[in-house]
Structure formats: structure tokens, C-alpha cells
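Student: The primary structure of each chain is shown beneath.
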Amino acid sequence: MARTRLYRHGVLEAEGFPVAEVSDHLHDPEAVVWFDLLSPTPEKLAVVSEELGLHPLAIEDALHPHQRPKIDVYDSHLFLTVYAVRLTNGGLDLSELSLFVTKNALVTVRDSDSCDIDAIIARWDNTPRMAKHGVAFLLHGVLDYVVDGHFDVAEDLDDRVEQLEDQLFSDTPATGRAMQRQMFDIRRTTVRFRRIVLPMREVVTSLMHRDLEIIPSDMAPYYQDVYDHVLRVSEWTESLRELVGNVYETHLNLQGNRMNDIMKRVTSWAAIIAVPTAITGFYGQNIPYPGFGHAAGFWSSTALIAAISVALYVVFRKNEWL
Amino acid sequence: MARTRLYRHGVLEAEGFPVAEVSDHLHDPEAVVWFDLLSPTPEKLAVVSEELGLHPLAIEDALHPHQRPKIDVYDSHLFLTVYAVRLTNGGLDLSELSLFVTKNALVTVRDSDSCDIDAIIARWDNTPRMAKHGVAFLLHGVLDYVVDGHFDVAEDLDDRVEQLEDQLFSDTPATGRAMQRQMFDIRRTTVRFRRIVLPMREVVTSLMHRDLEIIPSDMAPYYQDVYDHVLRVSEWTESLRELVGNVYETHLNLQGNRMNDIMKRVTSWAAIIAVPTAITGFYGQNIPYPGFGHAAGFWSSTALIAAISVALYVVFRKNEWL
Amino acid sequence: MARTRLYRHGVLEAEGFPVAEVSDHLHDPEAVVWFDLLSPTPEKLAVVSEELGLHPLAIEDALHPHQRPKIDVYDSHLFLTVYAVRLTNGGLDLSELSLFVTKNALVTVRDSDSCDIDAIIARWDNTPRMAKHGVAFLLHGVLDYVVDGHFDVAEDLDDRVEQLEDQLFSDTPATGRAMQRQMFDIRRTTVRFRRIVLPMREVVTSLMHRDLEIIPSDMAPYYQDVYDHVLRVSEWTESLRELVGNVYETHLNLQGNRMNDIMKRVTSWAAIIAVPTAITGFYGQNIPYPGFGHAAGFWSSTALIAAISVALYVVFRKNEWL
Amino acid sequence: MARTRLYRHGVLEAEGFPVAEVSDHLHDPEAVVWFDLLSPTPEKLAVVSEELGLHPLAIEDALHPHQRPKIDVYDSHLFLTVYAVRLTNGGLDLSELSLFVTKNALVTVRDSDSCDIDAIIARWDNTPRMAKHGVAFLLHGVLDYVVDGHFDVAEDLDDRVEQLEDQLFSDTPATGRAMQRQMFDIRRTTVRFRRIVLPMREVVTSLMHRDLEIIPSDMAPYYQDVYDHVLRVSEWTESLRELVGNVYETHLNLQGNRMNDIMKRVTSWAAIIAVPTAITGFYGQNIPYPGFGHAAGFWSSTALIAAISVALYVVFRKNEWL
Amino acid sequence: MARTRLYRHGVLEAEGFPVAEVSDHLHDPEAVVWFDLLSPTPEKLAVVSEELGLHPLAIEDALHPHQRPKIDVYDSHLFLTVYAVRLTNGGLDLSELSLFVTKNALVTVRDSDSCDIDAIIARWDNTPRMAKHGVAFLLHGVLDYVVDGHFDVAEDLDDRVEQLEDQLFSDTPATGRAMQRQMFDIRRTTVRFRRIVLPMREVVTSLMHRDLEIIPSDMAPYYQDVYDHVLRVSEWTESLRELVGNVYETHLNLQGNRMNDIMKRVTSWAAIIAVPTAITGFYGQNIPYPGFGHAAGFWSSTALIAAISVALYVVFRKNEWL
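Chains as they are written, first to last, in the working numbering: chain A, 355 to 676; chain B, 355 to 676; chain C, 355 to 676; chain D, 355 to 676; chain E, 355 to 676.
In this list, chains with the same sequence are indistinguishable; a pair is considered to hold if it fits within one copy or across any two.
Straight-line distance between alpha carbons at most 25 Å, and here's what the computed DMTMM-like set of lysine to aspartate or glutamate pairs gives: (1) 398 <-> 465; (2) 457 <-> 369; (3) 424 <-> 450; (4) 618 <-> 674; (5) 398 <-> 579; (6) 457 <-> 426; (7) 424 <-> 589; (8) 424 <-> 465; (9) 424 <-> 506; (10) 618 <-> 603; (11) 486 <-> 415; (12) 424 <-> 513; (13) 424 <-> 405; (14) 486 <-> 414; (15) 672 <-> 615; (16) 424 <-> 498.
Quick caveat, the hints were computed from the structure, so don't treat them as lab data.
Between the sequences and the hints, there should be enough to build the whole structure, so can you do that?
Tutor: This is the structure in C-alpha cells:
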């Protein structure tokens, strides 16, 4: 089934009709049309462009991956690039979504199927009372979906940082290497994520502040709400950076502690072993020291070894070296 | 007793009447009504919303936890989300407080009982002369309470940092691990706290700068005062970050010092033990060295051991290694 | 003697009269009055407040310590909080100074005697030609004194940093612990100092930019001059932070160097001792090695020990390990 | 062939004619002329300057290397300095490009042949439909080429960082020194690159926002597109800095790990060797210990050595020290 | 020869006449006068001040060292403080230059002879065609000289950083201490330099943006050019900070590498020596081990020592420990 929809006076009139029929409705000022193109060929886009009067630069941007959210305002239409994001084990999974917005049409262009268009449709169907706002309503649904996705990623990253925090002071810590890998991945993902998140502020404020006739005042609170979400994600991302930094430095420090502890203990044992060796060395000399060749020598040697070893052990223990 | 109040001409007329009676007063332009809802059901909120003409988005925000202070300006009312904070042993204890502000009504919606509504009521009762300002007076009481709570948290955090600072150079320092845990917790709490504190600046300035008819000029200094507190908390939080950083780095460094000191001492003792071992090794050889099998050997060996050990001890002592 | 002054037409008419007489002059538009209150009781302040028509919020702020410079503009008067600072061995010594500024009166409220009011009076007496500007002249004297105090503190901190810098590369460095204590204290003081200094920019610009009738245009360059000092202190404080950071990191690094040096030397000596031990071990075996029980054995053992020890010493020396 | 072009009414009329003929067309308001000067002598530039009425300061700037992108607006012309960049093994390869822009002429001045003028010409030839915008079209081609070059460098640097990231956790890591060299070079290049990239934002916004009659509204989206690229490069460069920092710190940490691991293992083996030495020391004493001179002594000694060594090995193994 | 000049209609009429004659020309609106005062006494300045109508605050600023560039705009004149800087071995050599700028006079006040006034005169003489702009021309010459000096310092610092960078990976690195001294000095100088450089932006923009009648539009590009230099120096200084940071961290890391390498090698040799010691200990026991007192014992002992030592050597070599 084709990804198309036709609204008239806030009511969904048709759905799933072929894209070819779209042009029938485009010139009807009372109709609002949406259709979706999945990885369209340049030729396909050229046809669409001609019918909707799109700017060649916008078409070019829709064909080439861009990697930064943006909004371009042309005389007859808007062009937006936004990114749906998911957090996978390997890192961020970006899916570019290009949007052409005219007075009565919204075209979504996706570069892959990983951006879930059904979720967007479900959002539209959940708020039918706003459908009367036409294109502004459709656009809001898309942005709301995208920004909620960003929010989920921020939440996921926060959870991962919290897991790291829990591991940090747990009694059975993960190996240094595994933990470092996790910290490294979270930081790297956060850096790449910020490049997607921060420009969204500009995209949404541009939509709201410019004298675009597309967003009616009744929709304004809804766009404000999206903006609020964008701000929260931005601030969250910033604080994630600090939280990971905190984990990182504490981890370094704790590892140092642990190693120093081991070293202290090892050194203490080395001292406890070195002393008997020194004593037996003395009694191994080929010179007539007191007790040389007599049982008295054996007893004094053994007594010295035992006494000093135990004394050292007690002292080290008391000073918390062992 | 229901959490409700009715003011008329700056005088508290009724208190504790059932929420159901609120609607009787709402359409009286001379009455100012406050009521509080604790974890209301969506149905309950829907009723309130209808009577006061609240925006569905604001209702939705009041139902779902949000985790960032904000202010939304709707045509007929304001919606604020603020956070009462307390510092517990485990970290920050947030309690969300949603506020609907209309011309003559203030609705507070709490998600838990941990935000102390009695303290807010006490604040109102302490400044009865301002009650004539109606809703602006009520709202000020709430914000003042919330921001004072932020201030207390900043003060508590500062105290904790000061305790850390005192431990740092004390002669009986806490163990590294315990201190690191404390530093880690303070930093983490500070990061989360900043996410609550910084957006408050925007919330209060929005209230003050926008052409809202709700705040009369006589109340302006009081809101300015709240804003001043918000600023102090913000700046305090920033400097807390630096102070903890200072503690952190100095701690790292001192710990390194202490460990190096131990290592130096251990190495010195190792040297003092190694030398006798080498000498007894010499006298333990099965070859006719001078003194082999004679008392002279014993005396020279013992003299050497004693002399070199004492010499090393003195040298190390002088160089402050022992 | 009471801290009071009465100016008329730029001339100091009376001084040291009791505060009780102040009210006689307050309603004389040609008189300019100053008086000082040291830790006044709330009752005392209430009397003053009534006579001058001060805002209750300002009175409250004057009674409670605040810890952040600020300016509040009320309809009939200004309220300022500024801080006189001194650098003591223990850190910053703050003394809060609250100022009420009306058309023809300046009231200074001090919380302790450590803010030197005589120095302010001396400033006034040094620039009698400006006395004709009345309250603006008096206020300038106070701010000038306070900001000069900030300047002195910045200079003192700079001197302390320079002392640290000199110690850093001196041949007889202070012990690590003492130096760390100093660095720690300077950093901590700098953080707290910045909280006093930075808001001063806002206080002075507010005075200059707002349409306050209190500062006549002839006084403008003098306030500009104060502002310039505030800026210098701010920038100085920022660069202090960097300079201490530089000292801190270099210190860490040098200490590491020194410790590594010691370790290298120790390890070398350990090697030089280990080799003879191994050789004597060989000659201590109860097996007929070449030279067993013969003088030849003794000579070869001694020769080996001497040769290898000297060789190692020379090699280590050449590689700068010893 | 001379680097010259003549456009009339959006059509390329002539190409490759001698620079000497340029002046013939300069006063024809319908002609748009471009010519290129490669390392011109001051005399040569003086001639051009006179014909086009260029400002002496601009001429001076074109003659001396500058090392920072800028735009100067003179009454009759614009002067721009931009930098074509390439990433070589040794670092950044900058090539300065000075641009004089008058109503109907564009002069490009290059300091070396490494800025590829043919690529710019190719760009012009690819978009002939825009040639009717005259100088704005020519200038756009140059800027587009330059900014795309910046983009390529950012991409290359990103690739290099990714290679480092891959090496980081690979099983056969590069030697510390080689990797540090790479990190050092990337960081250094990034710092120098930012000095070229960041001022470009100002250059392009100046072109777009100032009331310059040179850029017609039809060209605006194209300049907006260039600006968008500039922003992407700037943000990319910023995030590169963070990514390298992440690699750097993780590398430090991993190296520390590896070294600590080695130390732990070494210490364990040292302990395993020290114990037999202590035991044989005991049995080497010249005193009648149990088993002295008997086979029983041999067996007990050997059994002790074997038992303790194996026990230590097992314990260390279990604690993951070996 | 006195440092004085008189211009009329853009032509240098007189030079080197005594300062006393200056007042003759001051009231001639067609004359432009410059004179220089080297460390003037307060009395001397008082005379000048009276003749030119200078503000007492400006006079005071000219007499006391200030250490921050600034511009003060008085009704009848401007007052500037700028700093000529040179880089010496000991650090920055500042020389304060105070400037009084009236409609037709420029007074330069120097606190020492190290600011080279001849270089400024040479600049004036090199651009005689601009002399018709009077005071604006003179002031430009001074600022241009000062800012060029800043530029030279930035360049020198950059060179020093580059020398450090080269030493970093050279095969014969400077000793850690010497290199740290250099890094420390560069950082410290950079911090102090920034305090001179950054406020210059404000000084020059103030000159350009304020409605001062002193700078005619023809001179605007020249001041813009100075501003451009100021910006370049500022950005350069910022990037210097990062470059030194890069050197610093890499140096730390490399030194750690080198030390770890040494430790690894030392530990390996220690192990190679410890094993023979253990074996000879075994053969030194006074118990009838196999080969006790026989040649077979000698051969087996020697074989074991040789075999294990060689084996260890080979293994360590293969693992790149030796």
C-alpha cells in the first residue's frame, strides 16, 4: 500500500492511494496531501519537484545524506532535514528524514526503512481533533516523533551511565578494560548525538519565530511543547557529558587505589620474606659465629626468624598494609 | 481537611472547604481561590480543566513527570512546573509541583506528599498584608518556598564540600575509597541539581518580563527578590563544581604523595636488608676468603653488616627517605 | 562619636552629631545626610526605614547576611549590598556593607567593624570638590573604597601565586604537602572571591545605565572609572585561575619527575647489590665448582664481584641513571 | 592559456584571452569579467588596482600572506581572503586565495598553484543556468569550492580519529609512541584548522546580511547553502576535538592498565622465586637443623619448595594476578 | 631634540620644536599637533592638562600604571591606555603608553623608553598621503605600531611552541625539567599576554562604533584593518593555549612511557638475576641433594643457571620487554 493520505476540512478522506494520483489533489486549496518517498530516484524526485515547485537546492539536499538537522526557507515551501535516532549496541543508528512543506502538502523522504513511518501515522491518528490545522498538524506529528526518539536515546544513555556508576563502587567490578570500553563508547556516542540534537533548537525556533503562515496560532503551544522537549534533550546531553566525566575520573582513581593497595601488600610480604633470608644468610656463613654447628645456633636462628616475621606481620597489619 | 482557600479583597474568607465547592467561587471576579491536588487521577484533572478552561497540553504535562522546570503561557492561564528539592543521603529527592495560574485561581498539583504544602501555607500566613495581590501573592509564596529549598540544598552541598576539604589535610584522613565515594556523590548530585536550578532563571524572568497582567507592580520587588535568590543558587552551584574539582585534584595528588612516601620508605628498608644479605653471602662461600672458619671472619662480617646498615640508615634519614 | 555627616551645597556643615538628629535634616531638600549603622537591631532599622520610606524587603536584606553583591531599585530609593574583602591567612575575610540611597541621604549598614569606615571618610575628604554632587559623591566614595579593596586582594593573590611559581623551580622546594596546601587554599579563595567580584560588574553597570536621577553626568567618568576597576579585578581573577592551574600541573609533573628519578636510582643500586649476591651464592654451593675450597676461588669470586659491580655502576652512570 | 573569462547576459562569450584585454570589457556594464593572477608582482597588481579602482589596503593585503579568512567592504568593491586547505601527511596545506569583487568583475589572486583553479572553473561550467547572476555566481563558485575543501579536511580528520579509535581496543595495538604521535598530530592540525574554519562563518554571514547589491535574491539560497556547510564544518571540528580527547584519555588509561597488569604479573613471579630462595637459605645454614646432612633434609626442603611454590601459583592464578 | 610635530593641511610643517611652543598652535583650528612626554612629572602633566582641557581622572590614569588597555571618552577628548609588548627571555616586557586625543592634538605619554617612538614616527612618514586626516592619522599610526607589536609576540610564542613540539618527538629530548620550565614559561606568558590582548578588541571597536567625530570615513578601512589584526592576535593567543596544552599532555604521556619502559627492562633483568640466586641457594644447602659434593652437582647447577637465564632472556626479548 502506498504511503499517502488526503485530508479535507480536518477529515481523513483517503489513504493509501497511488502517489500518481497526488497531483490531482495538489491544486485543490481545500485538500491537504501527504505522501512518503522511500529512497526515491533522482527522476522520481524531479517529477515531484516540478508538481510542487520545489527548489533544486532542496531536491539536491534530499538526495545526498547531510548529517546535520537544518531548515531552509524557500519562497514557496520549507525544506527540513531531521534525524530519527536509535541507540544500538554499536552506537547511534541515524536515519535521515527530509521534509518538503508547502501550503497544502507534506512530502517525507526517507533514506532507509529504519525510520518508522507507521509510528508517525499512529501519532496523527491519535490526535484527530488537530487535523484541521492541515500541514502544521502533519509536520508537528513528524517532529514530535523525531524529538521523542531523541529523548529515548538520552534516557538510554543516562541508564547506561547509571549502570557504570553502579559498577564503579560494586564489590565485583567489571574488568578495567571492559569498563573502559563502555565509557569510551558512551562518550563517543554522546559526542555524535550532540551533533544531531543541538541544531534542532535552531530548526524548531526558526519554525516558531519566522513569519511563516504555515503554523496557525492554535498550533503554537504544540510546537512550543516540541521545543521544550528539544531543550530538555540538549541539557540532558550536556549533563551526560559531565556524568561520564565523573565516572571516568573516579574510575581512574579507584583503579589507582586498588593497584596501590596491591603494591602495598606485595611489598609487605616481600619484606616479611626478605628478613628470614637475611638471617639464614648469616647462619650460612662459614665462620665461627655463636652457635656455629650447634643446636643453640639452630634455636636462635629459628627464634629470630619467627620473632621478626611475626613482628613485621603485626606491624604491617596495624598500619593497614596487609 | 481539604487543601483549599478562598480570599476576598485580601482577606482569607474560607479554608479547608471541599474542592467540590471551588467552582461556586470561580466565576466571582472578586474571589481568589487556591486548591491543591495530590496525585490526581486524569478524570479528576479533566473536571478541573473544564471549569478553569485549561489547555489540554498543560493537563498532559501535569500528569506526566517532566524533570525540568518550565513555564508555558497559554491564552487564559499560565502553567508552571517547578521542583521542590531535598538533599538526602542517597542524593537529590525531587518532588514535582505543577501550577495552573489563572486570573483568580491557583491550582497546585503535587506528585507526592514530600513537597511540604504546609510550609507554603505558613508563608502565606506570615505576609497577610500582601494577600490583596491575589494570585500573584499566592504564586510568590510557592516560588519563594521552592527557591528557598534550592538554597538549602546548595548550602548543604557546600557544607559537604567543606567537610571534604577539612578531611583532606587532616592527620587521620578517611580511606581513599570512602572519600572518593563522597566526592563522586557530591559531583553527581551537583550535576543533577544544576538541571533543576538553571532553568529556574528562565522561569522567573519570563514571569517578570512578559506582559502578564497577573503580577502587579507592587509585587515586582518580591519577584525580583526570588530571582535574586535563583541567581545566587545558580552561581553557588557553579562554584561548587569548581570547589569539588579542587578537592578532587588535591586529593588525588595527596594520595599520590602518601603512596610515594611509603614506597620511598619501603625501598630504603629493602636496601638496608639487601646489604647484610650480600655480605653474609660473601662469608658463606666455600672458598678460603680472609677469615674463613676463623673468629676474625665472624667479627669482620658482623662489623661490616652493622657498619653499612647503620650508615645507610643515617644517609636515608638525612635525605628524608625514612 | 556618632558616624554622621551633613553636607549643604557641597560643603561639610556638621559631623558626628547624634543619629537622632538626622531626621531634622532629612526633609530639607538642600541638605545631604550620611549616617552609618553598625549591626543595628531590627527596631533601630525600623525607625530609619519609616523616616526614609524604605522598602520592607530592603530592610530584611540589610538584616540578613546575603553573600552576593546586588542592587535593588525601589521607587524611592536604591538598595545595594557590597562586600569589603581582606585576605587573611585563613582565607577571605568578608564584611557585608548594605547601602540605602535616597535623593539626599546615604545610609551605610555594616555587620561588623572590620569594614573600615574611616578609610571611606578619608576618601570623601580627599576629593572635596566633588562633594557638590551630594549622594552620588558619597556613594562613589564607598564603591571606590570597596573595589580598591577587591583590587588589593587580587594583587595579594597574584603575589602568592608568584611565590608558588618561584618555589616551583627552586633548588630547595617546599615539601609537596605544604605546597599543595598553599595551592589548594589559593584556588579555594579564588573561587569564593569570584563570587564576590563577578556580580559587581552588574551592580555598577546598573547604576550607570539605568535612568536613575541620582548620578549626575559630571560624576559619570568617576563611576566609569570604578567600573573599569571592577573589570580589571574580574579579568585578573580569571587569569589567576589559569596561573594557579599552570603551577598545579607543573608541580604534579615535577614531583612525578623527582620520584621517578629516585626510583631509577634505587633500582640501579638494587641491581648493583643483586649481582654480588648471585655470585656469592654460586661460590657458596656445596659442589666442586672450579676453585672450590681454594684461594683461586676466592680471587675469581672477588674479581667477578668487583668487575661486574663497577661495570654496572659505569653503565648506569653513563645512561644517567645514577 | 590565460585564466580569463567574459560572460554577457549569462552566456560565456570568451575564455582564455590575455589579461591585457580585460580592461576593454571592464567599462561595459553588460559584461562580467573574471581573471586570475598567480603570485602577481606588486607592479602587476598596481595596474589592476588602477583599472578597477581598488583600495590600497586591499592591494596590500593581497600581497602579504594573512592567515585568517576575512572580508573587507570598500565603497566600490569587496575584498575577501579565504583559504583552500588540503590534508597532507605533514599536516595542513594552506593556500591563500584573495578575491576582489566589483560590480562586474571578479579577480582571484593565488599565492601558489596548489589551489586548484580548474576545479572552480568546472563548478561554473556545471551550473550554467546561474551564470546570469554575474559576479554573485562567480563568487559563489569560488566559495563553494573552498568550503567543500574544508569539508573534505574535516572528513579526513574524522577518518583518522576513527582509525585511532579502532586501534585503541584492537588486540595488536600500535606502540604507544606511534599512536601518541598520531594523536598529537591530529590535535595540532585540528587547532590550526579551526583558525581557518571559524572566521568563515563571519565572512559568509557578512556577505549575506549586509546590504550589498552584489548578491541578488535568487542567489540567496545558494549562499545560505554555503553557510550551512560552513556551520557543519565548524561543529564537526568542535566535536573532533572532543573525540580526540576521548581517544587520548582512554589511551592513557589503557596503557596504564596494561602496565599495571605487567607489574602485577612480575611481582607474582618475584614472590614465587623469593620463597624457594628463603627455604634454601634455611637449609644452607651451618647449624644442626632437623635433617642437617641427611636425605630427610633434602626431601623436606624439596617438598617445602615445591609445595609453597605451587600454592602461591594457584593462589595468584585464582586472584587473576597471573 | 624634543618629540614634537606640527601638521597643517596634511603637511608636516615643523618638527622637534620645544614642547613649550606647542600651546601657540593649539588654538589654531587648522594645525594638528603631536607631542610626546616621557615619564612626565605631575606638575608637567598639570600644565598640559590645563592647556588641552583634560579631565583630572585621565591625568591620574596617565600617572599611575594601569595594566589593562582601555578607552575613556570624555566630553572634549579621548583617553587611551595601550601596551607595547616585547617578548624577552624573562617573559613579557610591557611598556605603557597613554594617549590623549583632542580635535587637533595627540599627546603620547610613555612610562619608559622601551616603547620605540621612532618606529611610530617612521610609520607616519611612510604614509604621508593620509596625513590630511590629522589626529585620526596620528592615532592610527600609534595603534598600528602597538598591534603589530602584539602580532610579533604572538608569532614569537608560536615559534617557541613549535620548538617544543619538535623537541617532543626528537631522539635526544631535552631533560624533563628544562622542557617543563619552557612549557611553564610559555603558558604563564600566554596568560599575561591575553590580559593585554583581549581588551584591545573593545578599545578599537569603541573607537570605530562610537559617534566620535575624530575618525573620518576615509580612515575607517584603516581602523578596520587594525581591528582585524587585533582579532587575529586574539584568536592566535587562544589557539596557542590549546597548542601548549597539547604539548604538555603529550610530554607527560611520553615521559610516562619512557619511565614504564625502563621499569619493564629493570624488572626483567631483576628476574634474570633472581633465578640463578635461587638455584645456587639450592646447591648451597647442607643436605645430601643429588650431586652434593660431586662434579655432577656442579654441572647440573651450572647448566640450570645457564638454561633458565637464557630462556628468560629469550622470552622477555620476544615479548619486547628487553
